[in-house]
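My request is simple: use the sequences and hints to build the entire structure.
Everything in the sequence shown is counted per our numbering, starting at 33 for the first residue and increasing by one.
Treat the hints with care, as some may be off.
20 angstroms max Cα-Cα, derived EDC-like pairs, lysine to aspartate or glutamate [stated by the list, open to error]:
1) LYS55 to GLU196
2) LYS46 to GLU197
3) LYS193 to GLU57
4) LYS166 to GLU126
5) LYS46 to GLU168
6) LYS42 to GLU197
7) LYS118 to GLU44
8) LYS71 to GLU164
9) LYS193 to GLU44
10) LYS166 to GLU178
11) LYS55 to GLU126
12) LYS42 to ASP135
13) LYS116 to ASP65
14) LYS71 to GLU178
15) LYS166 to ASP65
16) LYS152 to ASP179
17) LYS200 to GLU44
18) LYS46 to ASP179
19) LYS166 to ASP179
20) LYS152 to GLU164
21) LYS118 to GLU88
Pair by pair, the computed Cβ-Cβ distance ranges are [said to hold, decoys possible]:
22) THR199 to GLY90: 18 to 24 angstroms
23) ASN141 to LYS200: 35 to 41 angstroms
24) THR146 to LYS71: 18 to 24 angstroms
25) ASP111 to GLY53: 34 to 40 angstroms
26) VAL190 to SER125: 25 to 31 angstroms
27) GLY87 to GLN173: 32 to 38 angstroms
28) LYS200 to ILE134: 19 to 25 angstroms
29) THR75 to SER125: 29 to 35 angstroms
30) GLU164 to LEU80: 34 to 40 angstroms
31) GLY158 to ILE85: 16 to 22 angstroms
32) THR77 to LEU150: 28 to 34 angstroms
Source of the hints: derived by calculation from the structure; they are not laboratory data. Yeah, the Cβ is synthetic: ideal placement off N, Cα and C, and Gly gets one too.
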Amino acid sequence: MAQVINDHQKWEGKAYAEVTGIKTEQVWLYLQDFGGLNKWFPTLTTCLLIQGISGEPGCVRYCSGFKTPADKDKRTTSDINWTKQKLLSINPSEYTFTYSIIDGNVGFNGYVSTVSLLPKKEDDDGCVTVIEWKYEVEPVQGWRLEDLDRFIGNGLQVMAKRMEETTK
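Here's what the structure looks like:
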């Protein structure tokens, strides 16, 4: 669900994925590990905390190795995509955090994202937690809005599946 907001051409999007068989509290433990995104996000080979304390606002992670829809047009196989991301806020009691991309070579200028967990069902039949990933960013050169929405949505679906596999 992507859209262009106002005349400033800021892109905004939202993706959802369901994680089944794991309580919301456990999904939160996976996601609040700010330096552990490479365990879950597809094609992300490196995620290292490079500043601050994980889970505290102001900490910064370095992420690299991911592929993007624009790669086939502008990058060679020796180029590595990378970003530095700063945790802006975190609220464990509401299962939500917000971060921004502060540097990188993928053209995500003005990128801010909020990730939230929405407990859907927790009873004797099982647990279902919805991960909501909202973002806004200035238009990205070489991308279409649909590409970014698909990139985040597909990545989130793989993250949910990988989390579910931890219980098997």
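Evaluated hints:
1. Pair hint LYS55 plus GLU196 holds up; C-alpha atoms about 10 angstroms apart against a cutoff of 20 angstroms.
2. For the proposed pair LYS46 and GLU197, the alpha carbon gap of about 24 angstroms is over 20 angstroms, so the pair is violated.
3. This hinted pair checks out: LYS193 and GLU57 have alpha carbons roughly 17 angstroms apart, not beyond 20 angstroms.
4. Of the supplied pair hints, the one linking LYS166 and GLU126 holds, its CA atoms being roughly 15 angstroms apart against a limit of 20 angstroms.
5. Under the criterion of a C-alpha separation no larger than 20 angstroms, the hint pairing LYS46 with GLU168 is consistent with the structure, at around 9 angstroms.
6. A distance of roughly 36 angstroms separates the Cα atoms of LYS42 and GLU197; the hinted pair therefore is violated under the 20 angstroms criterion.
7. In summary, the hint linking LYS118 to GLU44 is supported, as the alpha carbons are separated by about 19 angstroms, within the 20 angstroms threshold.
8. For the proposed pair LYS71 and GLU164, the alpha carbon gap of about 18 angstroms is at most 20 angstroms, so the pair holds.
9. A distance of roughly 25 angstroms separates the Cα atoms of LYS193 and GLU44; the hinted pair therefore is violated under the 20 angstroms criterion.
10. The straight-line distance between the Cα atoms of LYS166 and GLU178 is roughly 14 angstroms, inside the 20 angstroms bound, and the hint therefore holds.
11. As the CA atoms of LYS55 and GLU126 are separated by approximately 14 angstroms, the hinted pair is consistent with the 20 angstroms bound.
12. A hinted pair counts as satisfied when its Cα atoms are at most 20 angstroms apart, and LYS42 with ASP135 qualifies at roughly 18 angstroms.
13. Simply put, LYS116 and ASP65 have alpha-carbon atoms about 15 angstroms apart, close enough for the 20 angstroms limit, and the pair holds.
14. With a C-alpha separation of about 25 angstroms, the suggested pair LYS71 and GLU178 falls outside the 20 angstroms cut-off, and the hint is violated.
15. Only pairs whose Cα atoms come within 20 angstroms are accepted, and LYS166 paired with ASP65 is accepted, the gap being roughly 18 angstroms.
16. Note on LYS152 and ASP179: the hinted pairing is violated, with a Cα-Cα distance of about 28 angstroms set against a maximum of 20 angstroms.
17. Our distance criterion of 20 angstroms between C-alpha atoms is broken by LYS200 and GLU44, whose separation comes to about 35 angstroms.
18. Proposed proximity of LYS46 and ASP179 is supported: the alpha carbons are some 13 angstroms apart, at most 20 angstroms.
19. Proposed proximity of LYS166 and ASP179 is supported: the alpha carbons are some 15 angstroms apart, at most 20 angstroms.
20. Taking the CA atoms of LYS152 and GLU164, the gap is near 12 angstroms; set against the 20 angstroms cutoff, the hint holds.
21. A hinted pair counts as satisfied when its Cα atoms are at most 20 angstroms apart, and LYS118 with GLU88 qualifies at roughly 10 angstroms.
22. Under the hint 18 to 24 angstroms, the C-beta atoms of THR199 and GLY90, about 33 angstroms apart, miss the expected range.
23. A hinted range of 35 to 41 angstroms for the beta carbons of ASN141 and LYS200 is consistent with their spacing of about 40 angstroms.
24. For THR146 and LYS71, the Cβ-Cβ distance of about 20 angstroms falls inside the hinted range of 18 to 24 angstroms, so the restraint holds.
25. Roughly 38 angstroms separates the CB atoms of ASP111 and GLY53, a value that falls within the hinted 34 to 40 angstroms.
26. The hinted range of 25 to 31 angstroms is satisfied by VAL190 and SER125, whose Cβ atoms lie roughly 28 angstroms apart.
27. A hinted range of 32 to 38 angstroms for the beta carbons of GLY87 and GLN173 is consistent with their spacing of about 33 angstroms.
28. LYS200 and ILE134 have their C-beta atoms about 37 angstroms apart, which leaves the hinted 19 to 25 angstroms range violated.
29. About 32 angstroms separates the C-beta atoms of THR75 and SER125, a value consistent with the hinted range of 29 to 35 angstroms.
30. Against the hinted window of 34 to 40 angstroms, the Cβ-Cβ separation of GLU164 and LEU80 comes to about 26 angstroms, which falls outside the hint.
31. Take GLY158 and ILE85: their Cβ atoms lie about 34 angstroms apart, and the range 16 to 22 angstroms is violated.
32. Distance hint for THR77 and LEU150: a CB-CB separation of about 29 angstroms, consistent with the stated range 28 to 34 angstroms.
Hints 2, 6, 9, 14, 16, 17, 22, 28, 30 and 31, counting from the list given before, are not met by this structure.
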